[in-house]
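Trainee: Below, each chain spelled out in residue letters.
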Amino acid sequence: MAALGRLAVCLALLCAVFAVGASVAGAARRRRDLIGAGANAAYAVFGLVAVAVAILLRALLAHDFSLEYVAAYSSSTLPVQYTVAALWGGQKGSLLFWVFVLALFTTLVQLQNREQNRALMPWVTATLMAIAVFFLALLTFVTDPFELLATPAREGQDLNPLLQNYWMMIHPPSLYTGYVSASVPFAFAIAALVTGRLDDQWIRSTRRWALFSWFFLSLGNLFGARWAYEVLGWGGYWAWDPVENAAFMPWLVSTAYLHSVMIQEKRDLLRVWNMVLVLLTFTLTIFGTFLTRSGVISSVHSFTQSGLGPFFIGFLVAVILAAGGLVAWRLPALRTRGTIESFASREAAFLFNNLILVGIAFAVFWGTVFPVLSEWVRGVKITVGPPFFNRVNAPLGVVLLFLIGVGPVIAWRRATPRNLRRAFAGPLAAGLVAAALLRLAGVPFGWAHATFALGAFVLGTIVQEFYRGVRARQAMLHEPAPRALARLVGKNRRRYGGYIVHVGVVAIFVGVAASSAFRIETQQTLAPGQAMEAGRFTLRFERTESREDAHVASLAAVVAVDEGGRRVATLKPEKRLYKKPQQPTTEVALRSRLTEDLYVVLGAYDPKSGQATLLAYVNPLVSWIWIGGAILALGTAIAMWPSPLERRERAWAAGRVGAPAR
Amino acid sequence: MSVGVHTGALALAALLAAGPLVAAPPTQQEIEEALTCQCGCGLTVHACNHLQCPSGEPMKREIAERLARGESKEAILAAFRARYGEKVLSAPTFRGFNWFAWVTPFAAVAAAALALGVVLGRRTRARPGGEAPPPAAADPALRARLARELQDLEREP
Numbered sequence: 097m098a099a100l101g102r103l104a105v106c107l108a109l110l111c112a113v114f115a116v117g118a119s120v121a122g123a124a125r126r127r128r129d130l131i132g133a134g135a136n137a138a139y140a141v142f143g144l145v146a147v148a149v150a151i152l153l154r155a156l157l158a159h160d161f162s163l164e165y166v167a168a169y170s171s172s173t174l175p176v177q178y179t180v181a182a183l184w185g186g187q188k189g190s191l192l193f194w195v196f197v198l199a200l201f202t203t204l205v206q207l208q209n210r211e212q213n214r215a216l217m218p219w220v221t222a223t224l225m226a227i228a229v230f231f232l233a234l235l236t237f238v239t240d241p242f243e244l245l246a247t248p249a250r251e252g253q254d255l256n257p258l259l260q261n262y263w264m265m266i267h268p269p270s271l272y273t274g275y276v277s278a279s280v281p282f283a284f285a286i287a288a289l290v291t292g293r294l295d296d297q298w299i300r301s302t303r304r305w306a307l308f309s310w311f312f313l314s315l316g317n318l319f320g321a322r323w324a325y326e327v328l329g330w331g332g333y334w335a336w337d338p339v340e341n342a343a344f345m346p347w348l349v350s351t352a353y354l355h356s357v358m359i360q361e362k363r364d365l366l367r368v369w370n371m372v373l374v375l376l377t378f379t380l381t382i383f384g385t386f387l388t389r390s391g392v393i394s395s396v397h398s399f400t401q402s403g404l405g406p407f408f409i410g411f412l413v414a415v416i417l418a419a420g421g422l423v424a425w426r427l428p429a430l431r432t433r434g435t436i437e438s439f440a441s442r443e444a445a446f447l448f449n450n451l452i453l454v455g456i457a458f459a460v461f462w463g464t465v466f467p468v469l470s471e472w473v474r475g476v477k478i479t480v481g482p483p484f485f486n487r488v489n490a491p492l493g494v495v496l497l498f499l500i501g502v503g504p505v506i507a508w509r510r511a512t513p514r515n516l517r518r519a520f521a522g523p524l525a526a527g528l529v530a531a532a533l534l535r536l537a538g539v540p541f542g543w544a545h546a547t548f549a550l551g552a553f554v555l556g557t558i559v560q561e562f563y564r565g566v567r568a569r570q571a572m573l574h575e576p577a578p579r580a581l582a583r584l585v586g587k588n589r590r591r592y593g594g595y596i597v598h599v600g601v602v603a604i605f606v607g608v609a610a611s612s613a614f615r616i617e618t619q620q621t622l623a624p625g626q627a628m629e630a631g632r633f634t635l636r637f638e639r640t641e642s643r644e645d646a647h648v649a650s651l652a653a654v655v656a657v658d659e660g661g662r663r664v665a666t667l668k669p670e671k672r673l674y675k676k677p678q679q680p681t682t683e684v685a686l687r688s689r690l691t692e693d694l695y696v697v698l699g700a701y702d703p704k705s706g707q708a709t710l711l712a713y714v715n716p717l718v719s720w721i722w723i724g725g726a727i728l729a730l731g732t733a734i735a736m737w738p739s740p741l742e743r744r745e746r747a748w749a750a751g752r753v754g755a756p757a758r
Numbered sequence: 123m124s125v126g127v128h129t130g131a132l133a134l135a136a137l138l139a140a141g142p143l144v145a146a147p148p149t150q151q152e153i154e155e156a157l158t159c160q161c162g163c164g165l166t167v168h169a170c171n172h173l174q175c176p177s178g179e180p181m182k183r184e185i186a187e188r189l190a191r192g193e194s195k196e197a198i199l200a201a202f203r204a205r206y207g208e209k210v211l212s213a214p215t216f217r218g219f220n221w222f223a224w225v226t227p228f229a230a231v232a233a234a235a236l237a238l239g240v241v242l243g244r245r246t247r248a249r250p251g252g253e254a255p256p257p258a259a260a261d262p263a264l265r266a267r268l269a270r271e272l273q274d275l276e277r278e279p
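Each protein sequence line maps, in turn, to chains Z and X. Letter 535 of the first sequence, counting from 1, is numbered 631 in the working numbering, and no numbers are missing. Letter 78 of the second sequence, counting from 1, is numbered 200 in the working numbering, and no numbers are missing.
No lab work stands behind these hints: they were computed from the structure. Built from N, CA and C at the ideal position, the CB exists for glycine as well. A hint or two may mislead.
To be verified - Coverage of chain X stretches by chain Z, computed from C-beta distances (three or more under 8 Å per stretch; other residues unrestricted):
#1 183 to 194
#2 197 to 211
#3 225 to 237
Throw the hints in and build the complete structure from the sequences for me.
Mentor: Written out as structure tokens, the structure is:
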């Protein structure tokens with residue numbers, strides 16, 4: 097079966113090369129037969145890569161330890177869900193999975209565009225398949241997932257215990273989906289540049305793909321944060337690790353694009369800027385993969401490091417040169433004649449929002465690469481860790497939060513003082529009242545205080561928008577409020593879905609600010625029966641419980657939690673010792689409430705004295721990060737869902753109906 | 123709207139009346155967060171939770187001892203830096219080449235904001251449009267037609 101898998105990858109590489117050549121030749125010579133052959137070759141790539149993935153998955157599930165990959169990343173005792181996750185748990189498998197997702201998206205894009213974008217599609221196919229060629233060449237010549245061991249292993253070395261967690265099953269696929277789907281807008285941008293079709297068509301065709309990519313990048317980052325929170329046991333969820341940064345940067349740039357593209361759609365401005373953002377988002381996904389794989393910067397994700405760094409940096413340079421060259425070539429055609437008419441306009445607010453988002457992305461990039469730069473320039477190794485990123489990004493984040501409130505409600509073109517008063521008097525009052533109440537309640541001035549106050553301001557703008565929209569429908573159409581609200585959102589899903597996303601973002605900001613600024617931490621070594629205080633909780637160490645199976649041995653401290661003299665929970669933080677490889681891990685015990693999480697870690701246990709060292713964290717409002725993520729997901733789903741009007745427009749554009757309804 | 127403005131003004135007054143915070147002496151946590159654990163975890167000494175970490179645990183003990191002796195944060199960080207090199211600090215210092223680490227992001231954002239401001243200012247001056255005219259009072263017939271057409275739109279599948 098391994099030989100069949102390798103053959104499938106080799107044939108996929110040949111088909112991808114053919115798809116690039118046929119698509120380019122077909123577009124250049126205007127030969128539909130060649131373009132069709134290129135598209136069919138791309139379908140074949142998907143089929144062949146799917147076969148290769150199926151073979152590797154089967155080998156994992158059948159514990160075929162003759163394969164080096166299976167022996168290195170699974171074992172016969174690994175639970176089945178983690179055996180499936182081992183497909184992307186190692187480098188070779190994750191690259192195969194990446195190219196599988198890419199081939200799947202290429203297929204979907206081709207099916208979507210059978211009746212449209214005929215001039216762009218050969219170049220889209222060629223670009224997507226050129227990316228596939230790079231990954232398939234790595235899998236064929238450098239890092240073969242179907243490599244056989246000289247002597248089959250009797251047992252596998254198992255998946256890294258840190259990856260044996262529910263969130264790790266969905267965090268990497270979400271990020272890969274976000275990364276890979278960023279290839280689609282990138283491919284359309286390249287096609288638009290090559291063909292000179294620089295109007296809005298490529299943007300309209302990739303609007304939903306860009307949102308889809310952003311959605312999965314958002315989920316991937318949040319799932320990764322949740323994994324770190326539950327698994328790493330240090331009470332936090334974001335450590336500004338280089339690989340975390342690598343996933344965060346494309347998200348930031350993609351967020352900037354989703355906003356600035358609205359200016360191009362409404363006002364036909366910022367064509368060059370939008371092109372640059374799309375190209376930069378894709379480039380950053382490759383840069384992220386380079387950081388993860390190269391080991392050039394030390395990271396907690398070191399389990400993914402390999403010698404692939406030079407290949408990725410070569411590919412990155414090629415992408416930058418090609419995309420940059422195309423933009424420079426088409427620069428005169430990309431320039432628009434229109435202009436932004438006033439600082440007090442939605443266009444200007446979105447531009448400043450872009451500035452801050454790209455500024456944060458740059459700050460993160462700068463902090464990530466600065467240790468390498470320092471070593472080059474001074475020959476001195478330095479660390480750029482959380483204190484740097486927190487200090488640099490906190491003020492930028494607060495400005496961004498303010499602009500989240502301003503952008504969606506300020507008028508297009510030019511806001512008059514009357515417009516501004518109408519849009520902002522209420523929300524500003526809400527922000528100031530919140531700031532005053534928080535201060536009177538004892539919340540000190542600082543970034544957290546500013547975040548809460550600005551959060552109230554942003555929520556004020558959103559509530560006002562919904563309220564006015566519902567009132568307008570009630571006045572015009574005499575609808576009851578619930579129906580007016582449902583119709584308001586349903587008829588303009590992109591706009592109101594966006595507002596809901598902003599509510600989610602505010603919740604995330606508030607959760608991050610509160611849990612960073614007001615966290616309570618205590619650590620104490622206790623004998624059975626002894627207690628410690630953590631905020632308003634009393635934690636009593638009662639006893640230990642141990643259990644063992646073929647896969648893992650664990651020791652749990654049974655901790656009774658009292659609040660105000662009343663028992664509210666019994667928590668069992670664990671230390672686990674995985675047997676293959678012999679590696680201890682932490683299993684955090686959590687009591688999650690909307691107001692705070694009580695997060696207990698068993699730091700150490702001395703069997704001789706029976707004493708346990710417990711670390712307890714009280715993380716205020718941290719649940720709002722995950723709730724904010726869910727709200728963000730809901731808002732994005734609403735924004736992505738096609739409206740009846742859009743469906744009619746598409747049908748009309750495709751010529752299936754005579755004319756749009758009037 | 124005027125209620126909003128007045129409420130905001132009152133809130134602002136209450137906000138300004140509240141006193142500023144007083145700086146606290148350095149804490150164990152603050153210093154642990156300023157140092158990187160040398161066990162290879164990539165986290166700060168404070169965040170490293172490796173079981174009996176051979177690097178983080180002795181560092182935490184030493185910080186506690188030095189604080190108990192009344193040493194300042196700067197002195198404690200300098201002692202660790204002398205032993206492990208500059209990489210033990212979890213953030214760049216504010217001196218020499220490291221200064222660029224701190225200044226560059228803000229300088230880049232400020233320069234971009236300035237450039238954007240200048241370009242926008244030039245273009246907006248070039249088009250003196252003044253305020254947009256206030257919207258005309260809606261004609262009742264027009265409002266009725268709009269309502270009718272919106273209702274038609276609502277009825278569409």
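Trainee: Each hint needs a verdict: does it hold in this structure or not?
Mentor: Hints versus structure:
1. 183 to 194: Three-residue rule not met by the stretch 183 to 194 of chain X, so violated; n is 0.
2. 197 to 211: holds (count 5)
3. 225 to 237: holds (count 7)
Checked against the numbered hints given earlier, this structure breaks only hint 1.
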